[in-house]
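Protein chains: 2
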Amino acid sequence: MSWLDEFGERHGAVVGVLASSLAQVERRFSEQIESDLESVRELCARVERYRGKMLRPSLTMLVGMAANGDEPPRDEHVTLGAVVEMIHVATLVHDDVLDEAEVRRQRPTISKLRGNEAAVILGDYLISSAFHLCSSLNDQRVAMRIGEITTRVCEGELLQLHHRQDRDLDEETYFEIIERKTASLIGVACEQGAAFSGASLELQRAMYDFGVRIGVAFQIQDDLLDLLGVERVVGKSLGKDLEKGKLTLPLIHHLAVADAGRRRESLNLLAGLWRGEIAAESDGRPDGPTVVAELTDVRHEVRLALETTGSIAYAAQTAQRAVSEAKERLQTLPPGDARLLLEDLADAVLSRDR
Amino acid sequence: MSWLDEFGERHGAVVGVLASSLAQVERRFSEQIESDLESVRELCARVERYRGKMLRPSLTMLVGMAANGDEPPRDEHVTLGAVVEMIHVATLVHDDVLDEAEVRRQRPTISKLRGNEAAVILGDYLISSAFHLCSSLNDQRVAMRIGEITTRVCEGELLQLHHRQDRDLDEETYFEIIERKTASLIGVACEQGAAFSGASLELQRAMYDFGVRIGVAFQIQDDLLDLLGVERVVGKSLGKDLEKGKLTLPLIHHLAVADAGRRRESLNLLAGLWRGEIAAESDGRPDGPTVVAELTDVRHEVRLALETTGSIAYAAQTAQRAVSEAKERLQTLPPGDARLLLEDLADAVLSRDR
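As given, the protein sequences belong to chains A and B, one line each in that order.
1 is the number of the first residue of the first sequence in this note's numbering; add one for each residue after it.
355 is the number of the first residue of the second sequence in this note's numbering; add one for each residue after it.
Be a bit skeptical, because a hint or two may be false.
What the hints assert, rightly or not - If you only want the chain A side, here are some residues facing chain B, beta carbon under 7 Å, derived:
1) I121
2) D124
3) S128
4) E148
5) C154
6) E155
7) L161
8) Q165
9) A260
10) S351
What the hints assert, rightly or not - Now the stretches of chain B that chain A is said to cover, found in silico as 3 or more residues with beta-carbon under 8 Å:
11) 496 to 502
12) 513 to 526
13) 546 to 555
14) 600 to 608
Please keep in mind that the hints were generated in silico from the structure rather than gathered at the bench.
All residues carry an ideal CB built from backbone N, CA and C; glycine is no exception.
Could you put the whole structure together from the sequences, leaning on the hints where they help?
Shown next as structure tokens:
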């Protein structure tokens, strides 16, 4: 796990334990999605490449360690980490169908390579496999929580869909969406990591809150990368939020504080994009609406508009505040090496460029 | 439940108990998918109309009763019935995305009405809700089996997708596909219905086999309706198997036994359809390949071809044999009213026209 390297110097011992636990998570993940059908195996091999930073299992392990005097994670933590990562990968596979994304982790998406149908079923296969693996823990508490949270993730996605191209989307609804669709799964990864270390309900709750705030910061950073990032570095299709009519924090702030003239200009820009007058790339199709600009140009113009109202700084500060609140929650854990690494990890959410 | 009416005369008491249990299943289903978000509630209201014959919960209840001296179903049977129906409805919602179907149960599909994105997430919401409800049973056996079977259903769908437009699809692979994608869920509905009545592992296994054979007969009948049915009666888009390149039993038999000339003609017909030269309806689009025929005409020609090789009769006989085998498995149940109704239900799978 290359991202662990940067922490290696300050957190030697704990990073070593984490790395070996994550290797176990990867094995458990692979074993669970193993199929007797060649055609399924071939798709699963592709999906394994979707695994990236393993943020969620890392949090499960580290919270589990921190709640238990820096003892190594238990076997249940490894299984839980694989369950949460599998659910996460399933949402990525289905998101790429929804977003018509073509690139993910520097590679073509399943939906692009093998069609939306394969991507829909493969996502279902991963969800089913995650629940099957979760049941192997034989623990109703975690099964109920995982079922509750995955339902909540879907609600967040449906709420987001409901507000597509909604120029009047407000901050409150935006936070409702991202807490459900992104942050709640990270929250439960932390909460149940604590639970499997025998933590009190109070500490479990604090760890849920920690994870939710990390998730909020992570999502805001993701939204910023979609606007500001470089596709080659980030490794996935960018500008998708704009194109798909998902208003994110910088734009919501901008539309709320811009003067009337500037607001009208920005809304016109979005309206053109949503009418399909702007192409993701110039594909020279003779039919369809006249393409008057390209998505990269729109991203550039939107960035300029956002600068005029300080909206990028506003979003970055909001993410920073979420990280600070997350780190406060960490103080409820007993002090130790795992907690120190969690603090550094929380900061790293903001500095990532991919 | 209107389909129960026809059984009312012969099976008075048992039909009454079944009807009231199914009403409980419907309530549990609705309560489980209840959301605090208005936009989610609105979609769920639509999906509730997808519930049709409630075949799977009916089998759970009746097997549960038959295995327990015709005692009414227990609360666990009701929950299990709702879980299995919810998984079934989730597969319907996702199938309609895959099939680009426009009509289901006489109404426009979710994917047609609200877009593929809403349909993908709504299906995920239903799968998650089903696993959450299943966890409420606090029974690892059923949770593991449900997780295993939903994974198997996805494998069947992926295998089917892998063999799209495969002119050489053989019967063995066809049965592998339908046992996984359709029959296994019906099997587990019966198996776990028996389990919650305290049945022996041997009886549970026999009930799984019973359900699988019912499922195979059901799927073959579905395939026949796709070729022979009247859309107004069946209540869903027809000809989809042909259009989407899913070879079903009649066609597999036909291509295997037809003489070389007839086989070539049939393959040419399919090749034209798959090249997109045939429209689902004449939509007068100026672009795209030249439409040389309509799907209804192709269905007619395929039917004529199938008649020449007796392939429709062959498929019907195969379904009949599956029903006979299913009824043999019923003999492992203690005799009683619920068992008698199961026998009649098994026959009814073949006579349905929708």
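_Is the coverage entry for the stretch 546 to 555 of chain B by chain A consistent with the three-residue Cβ rule at 8 Å?_
Not satisfied, violated; 0 residues make the cut.
*chain B contact restraint for E148 of chain A - C-beta distance below 7 Å*: Hint holds; E148 of chain A Cβ to chain B Cβ min 6 Å, cut 7 Å.
_Given hint S128 of chain A near chain B, where the shortest CB pair must fall under 7 Å_ = holds, 4 Å
*Does the nearest C-beta of chain B fall within a distance shorter than 7 Å of the C-beta of D124 of chain A?*
This hint holds: D124 of chain A lies near chain B, its Cβ roughly 5 Å from the closest one there, short of 7 Å.
*Was the hint right that I121 of chain A lines chain B, CB cutoff 7 Å?*
holds, 5 Å
*Report holds or violated for the interface hint on C154 of chain A, using the least CB-CB distance to chain B and a cut-off of 7 Å.*
holds, 4 Å
*asked:* Is the coverage entry for the stretch 600 to 608 of chain B by chain A consistent with the three-residue Cβ rule at 8 Å?
replied: With 0 residues in contact (Cβ-Cβ under 8 Å with chain A), the coverage given for the stretch 600 to 608 of chain B is violated.
_When the least beta-carbon distance from S351 of chain A to chain B is tested against 7 Å, hint result_ = With Cβ-Cβ at 31 Å, over 7 Å, it is violated.
*asked:* At least three residues with a C-beta closer than 8 Å to a C-beta of chain A: is that true for the stretch 513 to 526 of chain B?
replied: holds (count 3)
*Check, residue by residue, whether the stretch 496 to 502 of chain B contains three or more positions whose beta-carbon lies closer than 8 Å to a beta-carbon of chain A, and give the verdict.*
Check passed, 5 qualifying residues.
*Is the interface hint for L161 of chain A satisfied, with its Cβ closer than 7 Å to some Cβ of chain B?*
Since the shortest Cβ distance to chain B is 6 Å, the answer is holds.
*Q165 of chain A as chain B interface residue, shortest Cβ-Cβ below 7 Å*: Cβ of Q165 of chain A sits 12 Å from chain B, so the hint is violated.
The structure shown violates the earlier hints numbered 8, 9, 10, 13, 14.
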